[in-house]
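Chains as they are written, first to last, in full-length UniProt numbering: chain A, 1 to 273; chain D, 1 to 273; chain P, 1 to 273; chain U, 1 to 273; chain S, 1 to 273; chain Y, 1 to 273.
Keep in mind that the hints were calculated from the coordinates and are not lab data.
The structure displayed is predicted, hence computed values, not measured ones.
All C-beta atoms, glycine included, are put in the ideal place defined by N, C-alpha and C.
It cannot be assumed that every hint is accurate.
Listed below are several chain A residues computed to face chain U (Cβ distance under 8 Å; list not exhaustive) [claimed, not checked]:
no. : residue
1   : P135
2   : C144
3   : D148
Which chain Y residues stay away from chain P? Per the calculated CB distances, all over 12 Å, these [claimed, not checked]:
no. : residue
4   : D54
5   : E59
6   : S82
There are 6 protein chains.
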Amino acid sequence: MTKPRFNRILLTGAAGRLGTHLRRGLAPLCTHLRVADMAEIKDIQPNEEALQFDLADMEATIRATEGVDAIVHFGGVPLERSWDSILNGNIRGSYHIYEGARKNGVARVVYSSSVHAIGYHQIEDQIDANAPHRPDGLYGLSKCFVEDLGRLYWDKFGIETVALRIFSSFPEFTDRRMLWSMLTFDDCIRLVEASLTAPRAAFSIVYGTSANRHRMVDNRLAAHIGYVPQDSTEAFRAEVEARLSPPDPHAPAVKHLGGWFVDLGHPDDEAAK
Amino acid sequence: MTKPRFNRILLTGAAGRLGTHLRRGLAPLCTHLRVADMAEIKDIQPNEEALQFDLADMEATIRATEGVDAIVHFGGVPLERSWDSILNGNIRGSYHIYEGARKNGVARVVYSSSVHAIGYHQIEDQIDANAPHRPDGLYGLSKCFVEDLGRLYWDKFGIETVALRIFSSFPEFTDRRMLWSMLTFDDCIRLVEASLTAPRAAFSIVYGTSANRHRMVDNRLAAHIGYVPQDSTEAFRAEVEARLSPPDPHAPAVKHLGGWFVDLGHPDDEAAK
Amino acid sequence: MTKPRFNRILLTGAAGRLGTHLRRGLAPLCTHLRVADMAEIKDIQPNEEALQFDLADMEATIRATEGVDAIVHFGGVPLERSWDSILNGNIRGSYHIYEGARKNGVARVVYSSSVHAIGYHQIEDQIDANAPHRPDGLYGLSKCFVEDLGRLYWDKFGIETVALRIFSSFPEFTDRRMLWSMLTFDDCIRLVEASLTAPRAAFSIVYGTSANRHRMVDNRLAAHIGYVPQDSTEAFRAEVEARLSPPDPHAPAVKHLGGWFVDLGHPDDEAAK
Amino acid sequence: MTKPRFNRILLTGAAGRLGTHLRRGLAPLCTHLRVADMAEIKDIQPNEEALQFDLADMEATIRATEGVDAIVHFGGVPLERSWDSILNGNIRGSYHIYEGARKNGVARVVYSSSVHAIGYHQIEDQIDANAPHRPDGLYGLSKCFVEDLGRLYWDKFGIETVALRIFSSFPEFTDRRMLWSMLTFDDCIRLVEASLTAPRAAFSIVYGTSANRHRMVDNRLAAHIGYVPQDSTEAFRAEVEARLSPPDPHAPAVKHLGGWFVDLGHPDDEAAK
Amino acid sequence: MTKPRFNRILLTGAAGRLGTHLRRGLAPLCTHLRVADMAEIKDIQPNEEALQFDLADMEATIRATEGVDAIVHFGGVPLERSWDSILNGNIRGSYHIYEGARKNGVARVVYSSSVHAIGYHQIEDQIDANAPHRPDGLYGLSKCFVEDLGRLYWDKFGIETVALRIFSSFPEFTDRRMLWSMLTFDDCIRLVEASLTAPRAAFSIVYGTSANRHRMVDNRLAAHIGYVPQDSTEAFRAEVEARLSPPDPHAPAVKHLGGWFVDLGHPDDEAAK
Amino acid sequence: MTKPRFNRILLTGAAGRLGTHLRRGLAPLCTHLRVADMAEIKDIQPNEEALQFDLADMEATIRATEGVDAIVHFGGVPLERSWDSILNGNIRGSYHIYEGARKNGVARVVYSSSVHAIGYHQIEDQIDANAPHRPDGLYGLSKCFVEDLGRLYWDKFGIETVALRIFSSFPEFTDRRMLWSMLTFDDCIRLVEASLTAPRAAFSIVYGTSANRHRMVDNRLAAHIGYVPQDSTEAFRAEVEARLSPPDPHAPAVKHLGGWFVDLGHPDDEAAK
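Bound-form chain A, shown alone (with noise of 0.2 Å):
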């Protein structure tokens, strides 16, 4: 038997939704993974070490990295917040992991950017990874600052990133848009896997949807990570049209890659109401 690719990953973000599928993912690539959360984490398992901590904490997070070779860093906000939030959790929490990785001499981070970081770009005009930063929200403007941070810790400090810009990983399908926006959890492994895997990474942003019919964004400018996604939404595209009701081509939530993050008001006003 093969010995695993990694002695020691560390995951963020472990008792979140994709979290929990990640760690099973992550098992056959590392003999121990170190598992973090904010929230307790279930069930560990005997390869896992828990870590319960909040990203804001500077100390807390840097530790977390000693002895890791690559970090998976799905932790923080999952979606639109207040500001504060966003910023202790996203943007301090991320730049303790990428400064634990500088201090500890960690790798390679596989980062789980989003579709939000790139929201206002418009369907039909097929950007690709290089096309400029347009966030959503708060969450999405979270998300290009850690890109950058990445893009920073590459030019500088020669950490690799793969920056994962996640359209949408869910159990279920709430939305018809989900039939091309969707990452399967199966893909989502995958991906990952490639990420941590590929023989140079550099600082690479990849688009995160399985092999959908409907591509939205051109994922050219990443064929080097070698991810290659095996499930598709077709077989769901019955039940879910039936189901939901279609999209109505002049909604800015269907114009825009975004989704309905783009007809979201700024959190804190929501907050306050």
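Knowing the structure of chain A, use the given hints to seat chains D, P, U, S and Y on it.
Here is chains D, P, U, S and Y on its own, set in the frame of chain A:
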């Protein structure tokens, strides 16, 4: 059983070569298929409403668009002809179609544009949908006009268009070029269906060939339409190559996307002969 | 004294606003200036041959191109009008001009296209001459048609065209937009002269403004035409800004290159009111 | 005498190097100039309203934007500093400025971004404004963040931003690089004025140097802002070249746009020394 | 049974590694296969005509192209060698081949260019066939020369060339890089066959690898050649990764397309050691 | 008085047309000017060291580069000639120059490449420095070779090159094309000086014409070299146009950048006549 996506679709050119196949292909997509042509349409089916009129007749054309959800506009002059025919059948006729769409609130038009709208580009340039128009005759010029018309009606009136730049869609191979340019009738149906049902079309241009071995244009910018050809000409290669003489790579008709159309003189001169 | 470059130039639209200035500007370039318009042309000069006819009259138009070295085609409907006017004056009329050029061996056509051929592009996109057509009305649509016609007659019949996408060429500033869009009459003459005398035009598109401070399009691809504007609107800025209200950057007419044309409804609806 | 274009402009960083010059430059453009800084501002003029506060103070910052037509945001940390300083002064501080603009209906922000947002691009790549961010330190990273923030507030809330990627704006030449990177104080004023008064800014990025002989970036995409530098460093070349040693073309600081910033280590490490 | 496409093909380098496989692959395509090499060729088949000569011998080389329909030019020095070897074998030798093609009316040349013609480009740049040359040694420099020679003989003399930028085509994996760079012998045959039979080649460049998981270059611009690889290295991944050490993503040989060629010094220095 | 920038510059081709002017132009830039040619150089100045040798002589060429800070390499065959002349004078000769630079630690080479390296591109394509090579003869092919050689010596050995694609630099106008292609001798000196003194050259390509009215190529990518032409051909236009017949825009020599070189046959055929 699922209700068809559309209540009523208007198909123009329904008596033509492709129209006949589209009648079959569109049937499952709509409750009522309104089929129109200048010529008499044979074998009207129970789901069909037949109309016979000239597209140059503005009033009749607009009337034909009443109560319609989408238009599949394959009518008009199908190849190089006199200026008068092209002006009336394609330029004026298509204007009437779009005016009908505007007056009657039709949401989307799928238009049979043609390779001849860009026929003077060269094969090895591998153009995409943003390349400037280079028509190879009056027929191609009228296709350029209707593409621009569709763009205007999208930008100004919010009517979506998918312009299909069809290469060759014929029952037989009469030229080796068809080995790369052929769009099978079944793929033509797939292409129209994808164009009708794509979640957002805005104004989009799709190149229409089957999944043939040699690809002379780049369809990257139409990935949001979700057209996935299923056929290929490879099965016919041996027979066709045995029967038809090989292309001369220096011939203008081989160099340019438009094929033998670039060899044609002015149609009015031809007529005068 | 040098012999003029051309023996005979045909100027259409010679009674119009720009036509009047071009009569003066073209005089030194040719021995005979054939001036044509639908309206009567006043003050015929000794070097001028005047013709009065409708461009929709094919026979008269073709006859007007006999014995001509070059055509400066500024005739036709000069702004948004009914479909019938545009169809006859611009689409059919320009086709007649090109047929005349073809039948009578005219080497080059300089055509007054318009910003309205690309009026729905946005200012900050800084488009160049290869951007796809995006007309902002029927007038602009006819300009797109004639550009494509010129391209065809170059590719197929070897007749050169310089299409001038003129922004605004008026005697007075009636809109702050003119501070960037204005082409002075003298620069218009320089533009036409450059287009007539460039060593090779092939089919080229030039954006036509003076050397104004704000440049909203990129003229890089026309550098071989050698147009060097000498005027600028800066001297008029203080007066114009004092007199006319500032633009609202969110208004469609400020966002798009086409200005207030994008606010117009369909001309046939307007006429019907 | 003409009324100034603006009633009230807020200038942040007014006590800084560039702020002092901008006070003079902005005076003719507005009736009231609100000058703000963390430090005390000297020699308050009759047209000026002085405010002293820390940008990290959200409430004070938002209050400073009340009643303001436009913001010239030059405040914050002006060079590489500790993460905490940059986080508070530039990231949090600029967020407060944009929140003020949103809550108080300010139409446009002119922001002093920096070459350090793209400092890891190479000189011979001649990048334009669409090149991806490549910050050369935490300072540059904060500039990237504010650019993306400006983009979001334009796309979502309709507030325009002109982001000025200023290269070097200093009173003296301390490095030969300044012969190409210098923006004179007078050109800096011209650049800010152009950015405030351009008819439409949307979200635009302008590279800020004087009209120096060597141009290391391509400002083509900002032509609609109408910035026309009047100064050049050529008059200083002989003196500077005699005084300062020539660049080594292989040195990272010469290869990259960011100059010696690319040689800096992590600021928190430096501080710890 | 169909007559072969070609009467006589000349294969140079027929005794070499790839040449041996191509003898087998080309046999069905031609009636006569003229096999040439500097070394003796073994096991001459009934359909083969064997010639032994040095490509540096102009007269012999030109004579070898007599009566030939197409040339598959795989001869010359196959890797980094002294300047004299490369000058004679690749630069002068290939010039002789093209002169033979010109004098004897050969219609098409298929040339074994190499990744080493663009070896200094970086993997994550995902270059296409229009990227500028960046050779990684004298060998690559000679490949650039022959590509330009092919371009000239197409533009000026109408001889078509398909330049194959082959990555690695070896019987064994001696480097993990081969997992992405390998072109199997069968795919090499497919590539040459496609290049010989494409309806129009003009001057085209094709990247030559199998359908491996990681794609480091963009073959989009060669779609008209119709090369469809059938093999992949995935089946060998486990064995190769277990046997060979992982790449260091910071190593020049991993960063650049050319692999370990970028680590080589000057071949004449090496020879002198 | 300032010390010259360079201690010793080697100028090859010093007895040639441009070499003679460059001797005058380079004098102020260096303490010692080493002038070299195959022919005898007249009127040796006190600051000059004269060498006479054939570039095909490797040993002599390498010796000529000893003790040199920069090389201005204008030697070799200056126009279309036999393959043997071009091979020896340009290909082998330039290789010897670069080997000299490598062995003797010369930092930068300024090379007289030529429009003929890209002579088969068309005027209206407005190519920039990244366009693929399209030589128009053996002379142009050798220029392509030396450009690639310079690229290699930069990428592998760190020697900078500025390749000057000079159009026409002659004392008289013998063709109307020179009105756009001319580089005056004074501008040629400015171009070489800029290339020698640019702060960073890496490997750069500059198009070399004066500031003529018609610009057929795009020099945007060389802005970091700081070449600012001061001359123009406009003052000569009237005289030249009166004397020389106008271009035929359909002629290959007018269509392509290379001018009449594209009309030449193979030089060895010509020689054989």
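A quick look at each hint next to the structure:
Taking 8 Å as the C-beta contact cut-off toward chain U, the hint placing P135 of chain A at the interface holds, the least distance being around 5 Å. Checking C144 of chain A against chain U: minimum C-beta separation of about 4 Å stays under 8 Å; hint holds. For D148 of chain A, the interface hint holds, the least distance from its beta-carbon to any beta-carbon of chain U being 4 Å, beneath 8 Å. Listed as a non-interface residue, D54 of chain Y keeps its Cβ farther than 12 Å from every Cβ of chain P; the least gap is roughly 39 Å.
Residue-level check passed: E59 of chain Y sits 46 Å from the nearest beta carbon of chain P, beyond 12 Å. Residue placement check: S82 of chain Y keeps its beta carbon more than 12 Å from all beta carbons of chain P (closest about 31 Å).
Of the numbered hints given earlier, the model fails none.
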